[in-house]
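Sequences listed follow chains A and B, in order. Residues 1 to 178 in this note's numbering are what the first sequence lists, from first letter to last. Residues 179 to 825 in this note's numbering are what the second sequence lists, from first letter to last.
Bear in mind the hints are in silico, worked out from the structure with no lab data behind them. Check the hints yourself; a few may be wrong.
As the list claims (entries may be wrong) - Covered, in the sense of this in silico footprint (three residues per stretch, anywhere, with C-beta under 8 Å from a C-beta of chain A), are these stretches of chain B:
1) 489-495
2) 539-553
3) 675-689
Claimed, not checked - Here are some, though not all, of the chain A residues that point toward chain B, as calculated from beta-carbon distances under 8 Å:
4) Asn2
5) Phe4
6) Leu5
7) Pro7
8) Ala8
9) Phe11
10) Val17
11) Leu18
12) Phe19
13) Ile20
14) Gly21
15) Ile22
16) Trp72
17) Val161
Just so it is clear, the structure is predicted and the values come from calculations on it, not from any experiment. Quick reminder that beta carbons are idealized off the backbone N, C-alpha and C, glycines included.
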Amino acid sequence: MNRFLLPAGLFALLVAVLFIGIQRAPQKTVIPSALVGKPAPAFQAQRLIGEGRFDPASLRGQWWVMNVWGTWCPECRHEHEMLLEIARSEVLPLVGLNWKDDDQAARAWLDELGDPYDVVAVDRDSRIAIDWGVYGAPETFLIDDRGTVVHRHVGAMTREVWARDFLARLPKKPGVGG
Amino acid sequence: MIPELGHFALVLAVVAAVAQTVFGLVGPTGARAHWLAAVRPAALAQFLLTSLSLGTLVYAFVQNDFSVEYVAANSNTALPVGYRIAAVWGAHEGSLLLWAWMLCAWTLAVAALSRSLPDAFAGRVLGVLGIVSIGFLLFTLVTSNPFVRLDPPAPDGRDLNPLLQDPALAAHPPMLYAGYVGLSVAFAFACAAMIEGRLDQTWARWTRPWTTVAWAFLTVGIALGSWWAYYELGWGGYWFWDPVENASFMPWLVATALIHSLAVTEKRGLFKSWTLLLAILAFSLSLLGTFLVRSGVLVSVHSFAADPTRGLFILAFLVVIVGGALALYAWRAPLLRSEAGFEFTSRESFLLFNNILLVVAAAAVFAGTMAPLISDSLGLGTLSVGSQYFDPVFLLPTLPLLALAAVGLHASWKRGRLSARRGAILTTLAIAVVLTFALVFGAWSGAKALTPVGFALGLWLIGSALVDPIDRIRRRLSMTPAVIGMALAHAALGVFVVSVTAVESYTRERDLALAVGESGKVGEYEYRLTGLEMREGPNYDALRGEIVVSEGGRQIGLLHPEKRSYWVQRQQMTEAGIDMQPTRDIFAALGEDLGAGRWSVRAQVRPLINYVWLAALLMAIGGVVAAFDRRYRREAPDARARDGEGA
Chain A
1 MNRFLLPAGL FALLVAVLFI GIQRAPQKTV IPSALVGKPA PAFQAQRLIG EGRFDPASLR
61 GQWWVMNVWG TWCPECRHEH EMLLEIARSE VLPLVGLNWK DDDQAARAWL DELGDPYDVV
121 AVDRDSRIAI DWGVYGAPET FLIDDRGTVV HRHVGAMTRE VWARDFLARL PKKPGVGG
Chain B
179 MIPELGHFAL VLAVVAAVAQ TVFGLVGPTG ARAHWLAAVR PAALAQFLLT SLSLGTLVYA
239 FVQNDFSVEY VAANSNTALP VGYRIAAVWG AHEGSLLLWA WMLCAWTLAV AALSRSLPDA
299 FAGRVLGVLG IVSIGFLLFT LVTSNPFVRL DPPAPDGRDL NPLLQDPALA AHPPMLYAGY
359 VGLSVAFAFA CAAMIEGRLD QTWARWTRPW TTVAWAFLTV GIALGSWWAY YELGWGGYWF
419 WDPVENASFM PWLVATALIH SLAVTEKRGL FKSWTLLLAI LAFSLSLLGT FLVRSGVLVS
479 VHSFAADPTR GLFILAFLVV IVGGALALYA WRAPLLRSEA GFEFTSRESF LLFNNILLVV
539 AAAAVFAGTM APLISDSLGL GTLSVGSQYF DPVFLLPTLP LLALAAVGLH ASWKRGRLSA
599 RRGAILTTLA IAVVLTFALV FGAWSGAKAL TPVGFALGLW LIGSALVDPI DRIRRRLSMT
659 PAVIGMALAH AALGVFVVSV TAVESYTRER DLALAVGESG KVGEYEYRLT GLEMREGPNY
719 DALRGEIVVS EGGRQIGLLH PEKRSYWVQR QQMTEAGIDM QPTRDIFAAL GEDLGAGRWS
779 VRAQVRPLIN YVWLAALLMA IGGVVAAFDR RYRREAPDAR ARDGEGA
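Given these sequences and hints, build the entire structure.
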């Protein structure tokens with residue numbers, strides 16, 4: 001062995017550490033929400049379409065999904081087709097949280113691309129998003145029948161994510177999925 | 179159509195890079211010597227194609243082409259044109275394209291200015307640069323294509339991250355990348371020398387100016403980033419030991435060591451294998467910096483694009499480039515023996531200690547930066563390393579380094595004849611000590627333990643650096659750019675040390691809660707909030723405060739700190755109000771709304787802080803001046819004809 005091999009050896013060690021670091025990095029991008037396993041933060045918000053206010057307490061007793069979106073977010077446009085597909089499957093109620101957006105632009109967006117949401121709550125000043133620890137749009141939360149946050153997905157919804165992280169977490173009920 | 183043209187040009191650039199590599203590395207092996215003639219045209223083609231590619235992206239930004247996803251994500255119609263261009267490197271994909279373009283520009287410069295080098299050697303240098311280029315171009319194309327279309331196009335863009343909407347930060351990445359990438363030239367020279375198994379003093383003379391210029395870019399890039407953090411983040415400091423800052427600082431420290439070690443190799447033919455190792459390390463740390471920032475391995479305020487696939491690609495790239503170079507080093511470096519010896523107080527030994535201390539400092543920063551990652555990788559939990567670690571661990575090697583520099587500037591090559599310059603050394607030290615007392619007891623009152631040490635070392639260094647030029651002027655000797663550049667850079671380091679000492683010792687800071695008409699005391703200074711108004715910028719609303727600062731009843735500054743709210747990204751930004759004065763900065767940043775009309779105000783008075791960045795700029799200028807010394811151009815045939823003079 002010569003001493004000139006030493007740098008290469010140290011470098012190999014470094015590469016090993018970095019490699020393990022990368023393997024763990026995806027866990028960081030999943031962002032383990034402090035909310036998972038805790039009650040979903042309560043809120044009351046103005047509806048984007050129609051009169052009156054929306055309160056998620058009205059969904060107690062059923063599983064539901066909340067999707068955070070805005071017209072300013074290109075990724076949201078990407079996942080929109082998938083959201084429409086989810087809506088057509090009628091498995092779960094889909095609540096939209098229109099975040100930091102302009103109401104008119106948001107309504108025009110839904111007119112143009114189709115409206116997958118059962119109800120859209122408006123969060124213009126980010127008050128609800130902050131309570132929910134929203135990091136960026138799009139984000140999607142799964143909430144169970146007792147109002148507990150079961151899962152949080154950061155980034156665009158895909159068919160794979162929907163099947164693996166959402167549908168798979170639903171209770172096996174006769175008639176649903178099977 | 180135009181973005182596709184840019185994409186296609188980038189694909190063709192890979193082809194050119196492959197050609198450059200193959201012609202450059204295979205050509206010198208003998209059988210295909212005529213291939214060497216194609217290396218320079220390939221480098222030119224690669225540069226033109228990458229320029230075309232970058233040009234189309236700039237065009238897409240200027241034209242607000244929101245059918246390009248990258249443009250839609252990082253620009254907006256309300257964004258001023260200057261920032262639309264800066265937005266090209268405002269996020270990951272464009273940054274990489276800029277990186278690749280810089281590399282091609284450096285490669286072209288090497289191709290154009292290496293005519294005096296042996297063809298085989300120049301071919302190998304360009305071939306190695308080609309490999310680096312292939313890696314970066316593929317990385318851009320495969321994982322981070324900036325030309326991906328958005329269908330349907332966005333009606334308007336998401337806007338550039340407001341943090342980046344700032345002149346200093348618009349210039350920061352190009353400067354920093356120019357430095358990072360410039361170190362690839364020294365790296366390529368080192369690899370070419372190892373492939374040939376031959377390294378002489380001429381090699382060091384070829385490598386030196388390239389390294390020094392890259393180092394100067396890196397210096398300016400780091401200083402710009404630090405200056406930006408000072409006035410834009412609203413924290414008021416100039417250095418935070420943030421992982422991303424460290425990522426740029428480690429190559430800087432090693433490049434500084436390399437510049438000095440190259441001097442020894444050029445003048446005395448010593449330190450050959452050590453110089454090679456530093457050349458490899460400096461560029462490797464640049465790549466590592468890119469990796470750390472881009473892969474999401476380290477979480478930091480700066481890492482706006484984190485993606486593990488990209489991380490894996492860069493890691494593989496690191497293994498090929500750095501691993502390859504280090505393997506070559508293990509194989510070839512033992513062949514390169516240095517014969518000459520030197521005495522203990524010769525310039526060689528001072529530069530040896532300089533190298534050891536700089537590398538120790540870089541290792542300390544490296545350890546602190548990587549510790550959280552290693553701890554996390556081994557499942558030991560999250561660890562946070564801050565200034566409590568970095569400050570002492572960094573000062574430990576650098577304080578002795580300053581004293582060594584002050585003495586070592588007078589040492590001569592080969593022989594230890596310090597006694598001849600003893601008078602100058604002691605006189606400058608005495609002047610420095612007297613001035614230190616004047617500063618500590620006169621100009622400012624009170625001191626921390628390290629205050630006199632910092633002042634004395636800084637002032638001593640300034641004095642020492644100026645002895646040689648003054649002596650030459652008195653004796654009517656010639657002043658070469660090398661002498662001027664060296665004196666300037668070392669005096670600038672002294673200025674840097676003095677100003678950092680002043681900032682660390684005499685800063686007055688306090689967080690005040692003020693309503694309009696109220697005032698608060700910060701040390702001997704009084705801050706009075708005299709107004710608050712709303713103001714509209716091109717793409718933001720701002721709350722603008724007016725603060726009158728007075729000392730002893732006399733007004734010494736009028737500040738206008740702003741709290742900006744950017745329309746598109748709905749992000750709040752602090753724009754500090756700073757009154758720059760020759761001897762101090764008076765600083766105020768608006769914090770939170772505390773209710774009842776009260777606002778928290780971060781109030782600071784920092785003496786000499788601007789000299790921290792000014793010194794960095796002077797250091798860089800010193801480097802550039804030294805790099806243009808005539809002896810580096812001596813081999814060029816036309817220069818030889820023009821000058822007609824010997825050594």
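- Task: Against the structure, test the hints numbered earlier, and report the numbers of the ones violated in rising order.
- Result: 3 and 17
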